Amino acid sequence: MHDLDLRLTRCFSSVFPDLSPEQVQTASVQSVRGWDSLAAVTLLAVVQEEFGVQVGLSDVSELVSYQAIHNYIRSHNGVS
Amino acid sequence: MNLIEALEVLKQPVPAGSPSIRVGLACGFTPLHLQTFLAAHLRQRMPGHGIEIVPGLFGDLAGNIERFASAKCDVLAIVMEWADLDARLGTRTLGGWRAENLPDILQSVDLSLSRIQQASRKSSGAVPVCVCLPTLPLPPLFATATRQAGAEELHLRSSVASFAANIAQESFVRIVSSQQLDELSSSAKRFNLQAELAAGFPYQVSHASAIADLMAALIQNPNPKKGLITDLDDTLWSGILGEIGVEGISWDLDRHSHMHGVYQQLLGSLASAGVLIGVASKNDAGRVQEALERKDLILPKDKVFPVEAHWAAKSESAARILKTWNVGPEAVVFIDDSPMEVAEVKAAFPEMQCIVFPRNDLAAIWSLLKQLRNLFGKSTVSPEDLIRMEGIRSGGALREMVTGDASSADDFLKNADAEIEFSFAKQALDTRAFELINKTNQFNLNGKRLTEAAWQEYLSDPATFLITVSYEDKYGPLGKIAVLLGKIQERRVRVDFWVMSCRAFSRRIEHQCLKQLCERFDVTEIIFDYQTTPRNGPLQEFFAAIAGAPMPAQLRVSRRAIQDKSPALFHRVKELVNA
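Protein sequence lines correspond, in order, to chains U and G. So the first sequence is numbered by this note's numbering: it starts at 1339 and just counts up by one. So the second sequence is numbered by this note's numbering: it starts at 29 and just counts up by one.
Hint data in this document are derived by calculation from the structure and do not stem from the laboratory. In this text the structure is predicted, and so the values were computed from the model without any measurement. Treat the hints with care, since some could be wrong.
[Claimed, not checked] FRET-style restraints, in silico, Cβ to Cβ: (1) 121/G to 1406/U: 31 to 37 angstroms; (2) 42/G to 1372/U: 16 to 22 angstroms; (3) 1363/U to 185/G: 47 to 53 angstroms.
Glycine included, C-beta positions come from ideal geometry on N, C-alpha and C.
Model the full assembly from the supplied sequences, consistent with the hints where possible.
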């Protein structure tokens, strides 16, 4: 697993402790029951803190899955 | 602590059966990460405790405080921001920043503060209340440029400061220090406009952590240390006394030794608040006495006791000082400029906090002064704090005389002209009584401690009693030195808590306490919730003499045994029913 995946998985696990690492990789608003608006704010705060990215207000509505957040970090931070 | 670390802390399971603390978090914004950080910081500070944070309703700070007054919380944490005092001082509402709005905003803030003050007072009668005053910058609503503080802004700040000064006078109210928060969290990096607009949470994550850290410290409210043992050469003063003589040592600006004077000044301040100050110095005793007589010494000589000046190991000095003070090493701080001496004392007393006094490092000395204030800090200075040192001086002499044969002890106590005052007034706001319950070790019925909320709840039971005992003799007052808490059950008294300060030993006050309990409540038997602890040896000896050994957990002592086994008592007894 790449460094970005490891760190992002840790972020997800801290907010959704019941998810296994495998479940994290496919996590989305639809598949994770606890992914409500408060969990989304917490998750994005953790991600911003971990990767030093600033998520714009208009981008928040797009970041609704592990893969979407993964892509966002890569495109904004250059982390591979 | 960052957010991911906080979430990791909260993932750790709490052992089954652990005590839990329920914290009412009153704020007007979405508590979000503040709630997470507060729980995490409390878990770190209070391991072995479950932490439950109960949030209030969005946008209603005063209402939340009022509701928490009856919500069975153990502590109330209030975190207020400007928008909670008037929504127009925030950014989520568009109520108007016109110049003609300002008088109404000022008035509205004063009304909000008044309501919060009343609600907080009500809560502080039942549980401890910790308050964080507004921490965020005011929005640019005033006519003045942001570089200038105008009359309206100053009025707002003055209103909040007055509110804080008033509420801080309440016994169980503690306010977060803005100065300390400034050190932890830069004011330019506090406000998170995006989170405020998106989620109603106005803080940067790091600022939420800083507030939660300080609030958790106030909620935990650790017991302050009791005594400080200091070295002399290159610590209390600059220079080696044995080499440069009494006039050579210094603590002044001219000789660049001023910080030693500031250190003395801090010790003087601690002593005036009841902290015991002793000296452990490898030096010639005569020279030390001479040096301590210097008129320009900032730390008054009479505030230092005992002075151990000789060439034996510092750990031996520390042991003797602990014995004189009758306190445990965990309650004492040792300071010396020699790392070797510090290590030697630390090896002998691992529980003692041992600190190296920094040499020629002004910033490090300044940090040390702040560290000491934190170790010894207390919310209020009680009358007992002011007389503690005198009590120890006279107590040492008294103990030596009383440990002789029984008749000489009788003679001595008969002539001591002692008066004991028993107060039966059930005052839940008696912070000295609460403090004694939570810091007394040696004469302690069972070693049990009470949280502030548990203390208030215990006393709210109509069947319970609180007795406080004050003592004075011709050698001086000792102040309030003993506390009994219990319940009346028909013709029996059940004592759940009984503590007495070690300063009051050897005066037969404990015998007088039992006599007064029997007489006051007219009972034939007293039941004690007794437990042996590693530290309550003096209490064990007392009960062994009265009730015989071994002692069961539900120790019963008859009135007859108390009468037969008590030595002669010579105190004048005063009773206060309604203090």
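*For the range 47 to 53 angstroms, tell me whether the beta carbons of residue 1363/U and residue 185/G fit it or not.*
Holds: the Cβ-Cβ distance is about 51 angstroms, inside 47 to 53 angstroms.
*asked:* Taking the Cβ atom of residue 121/G and the Cβ atom of residue 1406/U, is their distance within the range 31 to 37 angstroms?
replied: Cβ of residue 121/G to Cβ of residue 1406/U: about 32 angstroms, so the range 31 to 37 angstroms holds.
*Given the hint of 16 to 22 angstroms, check if residue 42/G and residue 1372/U actually sit that far apart at their C-beta atoms.*
With Cβ atoms ~20 angstroms apart, the hint holds.
Comparing the model with each earlier hint shows no violations; every hint is respected.
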